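Participant: Here is how the chains run, residue by residue.
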Amino acid sequence: MFKIIKQLTSVVAMFAVLFAFSTETMAAKKSKTLENTKKRGFVRCGVSQGLPGFSNADESGNWTGIDVDVCRAVAAATLGDATKVKFTPLSAKERFTALTSGEIDILSRNTTWTLSRDADIGLTFVGVNFYDGQGFMVRKGSGIASTSEFKNGTSVCTNLGTTTELNMRDFFDSRGISYEPVVFEKADEVVAAYDAGRCDTYTTDKSGLAAQRTKLSAPDDHVVLPETISKEPLGPVVRQGDSVWEDIVRWSLNTMIEAEEYGVNSSNADMMKTSNNPAIKRLVGAEGELGAAFGLDNEWNLRIIKQVGNYGESYKRNIADTGILPDRGPNELWTKGGILYVPPAR
Amino acid sequence: MNNIIKKFIPQILAILFVVLIFGFLTLNAQTNMDNRGIDFGFGFLSQESSFDVQFSLIEYSGSDSYARAFLVGLLNTLLVSFISIIICTILGVIIGVARLSSNYLIKNSAAWYVEFFRNIPLLLQIFFWYYAALRALPMPEKANAWFGVTYMTVKGYYIPAMVWENLNVFLYCGLAAIIAIIVLRNYAIKLRDTQGKQIPVFLYSVALLIVLPLLSFLFGGVSLDFEIPELKKLSKISYIYEGGISLPPELIALVLALSLYTSTFVAECVRAGIEGVSKGQKEAAASVGLTPNQVLKLVIMPQALRIIIPPTTNQYLNLTKNSSLAAAIAYPDLVLVFAGTALMQTGKAIEIVSITMLTYLTISLTIAAIMNWYNKKIEIKEK
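Residue numbers (this note's numbering), protein chains in the order written: chain A, 1 to 346; chain B, 1001 to 1383.
It is worth saying that the hints were derived from the structure and are not from the lab. Everything numeric in this text was worked out from a predicted model, so none of it was measured. The beta carbon of each residue, even a glycine, is placed where N, CA and C say it ideally should be. There may be inaccurate statements among the hints.
[Claimed, not checked] Label pairs and their computed distance ranges (CB to CB):
| no. | chain 1 | residue 1 | chain 2 | residue 2 | range |
| --- | --- | --- | --- | --- | --- |
| 1 | A | Ser-101 | B | Leu-1358 | 14 to 24 Å |
| 2 | B | Pro-1010 | A | Ser-101 | 32 to 42 Å |
| 3 | A | Met-271 | B | Phe-1040 | 51 to 61 Å |
| 4 | B | Asn-1003 | A | Lys-38 | 51 to 61 Å |
| 5 | B | Asp-1034 | A | Ala-292 | 26 to 36 Å |
| 6 | B | Val-1149 | A | Arg-175 | 40 to 50 Å |
| 7 | B | Phe-1042 | A | Ile-339 | 31 to 41 Å |
| 8 | A | Lys-38 | B | Phe-1040 | 46 to 56 Å |
[Stated by the list, open to error] Calculated cross-link-like contacts (lysine-lysine; reagent style PhoX-like; alpha-carbon spacing at most 25 Å):
| no. | chain 1 | residue 1 | chain 2 | residue 2 |
| --- | --- | --- | --- | --- |
| 9 | A | Lys-39 | A | Lys-306 |
| 10 | A | Lys-215 | B | Lys-1236 |
| 11 | A | Lys-281 | A | Lys-306 |
| 12 | B | Lys-1142 | A | Lys-140 |
| 13 | A | Lys-86 | A | Lys-32 |
| 14 | A | Lys-140 | B | Lys-1236 |
| 15 | B | Lys-1232 | A | Lys-151 |
| 16 | B | Lys-1321 | A | Lys-186 |
Sequences are here, hints too, so could you generate the full structure?
Facilitator: Right, dumping it as structure tokens:
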């Protein structure tokens, strides 16, 4: 009998332990994510496995890119130091699971904002940091100058688990062209297969094509076709259910864009504190109490601008100067003919 | 009474414990999914998938359902496993027997083969075949014809397709031949047991298999045409072959890697099986006047098979599960199509991963059941 009681108590003890863990995860308090981030001392950010200009690591493991800068901005705002970010490289297939399961807190990985992703799978998109569209890359020697010249039997290399797969089908089906989709999990494998002649064309977002082209053995032998077959607004994503964290990420991105609009950059941010324009003063934390709403101090936005820079600086540093897409196209401010337009920070 | 309590209480507790753990895990997952706004359900299976698949054994397009996409992936997994199991068995038996050869060169080449292919990680071998070996193949327009009508290119292996007329008559003739062989075999056994006469069943069987289908061509109105792949220009520099059947390089690379890798383990099973039959058996058989062929067929192999089958079953199961590495080289198997694209497009991680796990479990259990049945059939029947 004594033995049985002993067994019973051990069972009960095990359950106690299990439930102790579970109650912590079940109780969704307000901005648990911010609290945990502060406790941990770094922001957990999911990025791509290497897309030059967006998120790419150099030999010593330093991440750069405009997607990376969003996470750095959040780290500057919440922790005061833009370098306090832990980057997790994720494949297109893994990315949403990593976010919903809580392995990362921000997914900033050239991810297209679509209705089903936003509504269906426990994610919330916070904004757009790059307006993109899907295109095709072909070999220059093929003489193909437009997507209308694709013929039946064209083999198309692309990535798994992206909107690309769906757009591609819509595109070819609507034109009645039969095609062979060759779908890889990693971008590097797509590049290798296309480079070796396995496919006649490579399709993904145009920015991605421009970036991946640099990885080909002879980049100049390839050309991106002019047509854009889809809308691909790329932006950072957070888990559903923590609206404060969602706001922090959204406004960290908005701050970078608005700073460019008002001409505030990393080198003049401190001087702008004495500006005559109240909007600029709010943007550098010299007026108003904007940070309080998130539970942050008042200089959260100043730190973003000083440590990461405004959107224009980030674009120039990562995308224009690296020769990926020197022309900003739609990613120019609305005041300069583009479509970058963010709500006012006030 | 006390004894019954002692006997059953711990068992009931153990069951209760397992049930509670599962219940708790389900509840926990459900609560967390609710908190994060994720719905659970299998309704998505009937929705339109909206994506295409490179290679499919059944008719499939983006307007079909996710359930059909699942079927496409499953059939592709079964196809690659089936072909690889056949090849690895043939190769494995040859290599296994070669390892026991008294010829120094054959014995050592076989040993080298086994040590080489089983000691390199499978994923690396898949990458090797796909990225190194197949990449060295020519572009379609530069390919030389193999056997005059097939083309091995970087875009795949193009072979002629068979165009049948009255295929069903041909198939019925084949079926008739098989039935005739079974009848003949039973008759031969009866003849041997009752009258001690032997007839060359094997020769008759081969003859039946050839003659009956041939007759269908002559009298049944069956005809067979070959559709030969022809080069077609896609643009100034890119070509493909049209007509015929195209085997994608992904399938070829995967079959090569899986069958070469697994054949080493099968070879070891075969060697172990043959070596496991004691020498006395062979000598005794020889001493009652059996020919070397009969010794192998009637004495050694039946006993060796009992040792070979169970570990070989394991290898078949491993091969099937390893086929999921296909995703690395874009072969549209179950993992790539269903647990990859479909999972991504629907976001139903828990549902899709559990379906995929259950499917692999079912495939494995089926293979195991077939092999166990065969094992039962050949094991010693004590009288």
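Participant: A separate judgement is required for each hint: does it hold in the structure or not?
Facilitator: These are the hints, each one checked on the structure:
With their beta carbons about 21 Å apart, A/Ser-101 and B/Leu-1358 fall inside the hinted range of 14 to 24 Å. Between B/Pro-1010 and A/Ser-101 the CB atoms are about 36 Å apart, so this pair conforms to the stated range of 32 to 42 Å. Under the hint 51 to 61 Å, the C-beta atoms of A/Met-271 and B/Phe-1040, about 55 Å apart, fit the expected range. Remark: the range hint 51 to 61 Å for B/Asn-1003 to A/Lys-38 is upheld by a beta-carbon distance near 60 Å.
Restraint check, B/Asp-1034 to A/Ala-292: a C-beta distance of roughly 31 Å satisfies the suggested window 26 to 36 Å. Evaluation of the 40 to 50 Å hint for B/Val-1149 and A/Arg-175 yields a failure: the beta carbon distance comes to about 32 Å. A beta carbon spacing of about 40 Å between B/Phe-1042 and A/Ile-339 agrees with the range 31 to 41 Å that was offered as a hint. Distance hint for A/Lys-38 and B/Phe-1040: a CB-CB separation of about 33 Å, inconsistent with the stated range 46 to 56 Å.
The straight-line distance between the Cα atoms of A/Lys-39 and A/Lys-306 is roughly 24 Å, inside the 25 Å bound, and the hint therefore holds. Taking the CA atoms of A/Lys-215 and B/Lys-1236, the gap is about 24 Å. The hint holds against a cut of 25 Å. Between the alpha carbons of A/Lys-281 and A/Lys-306 the distance comes to roughly 14 Å, so the proposed pair stays at or under 25 Å and holds. With a CA separation close to 19 Å, the supplied pair B/Lys-1142 and A/Lys-140 stays within the 25 Å bound.
A C-alpha spacing of about 18 Å is found between A/Lys-86 and A/Lys-32, which places the hinted pair at or below 25 Å, so the restraint holds. With a C-alpha separation of about 10 Å, the suggested pairing of A/Lys-140 with B/Lys-1236 holds against the 25 Å cut-off. Simply put, B/Lys-1232 and A/Lys-151 have alpha-carbon atoms about 10 Å apart, close enough for the 25 Å limit, and the pair holds. Straight-line distance between C-alpha atoms of B/Lys-1321 and A/Lys-186 comes to about 21 Å, which keeps the hinted pair within the 25 Å bound.
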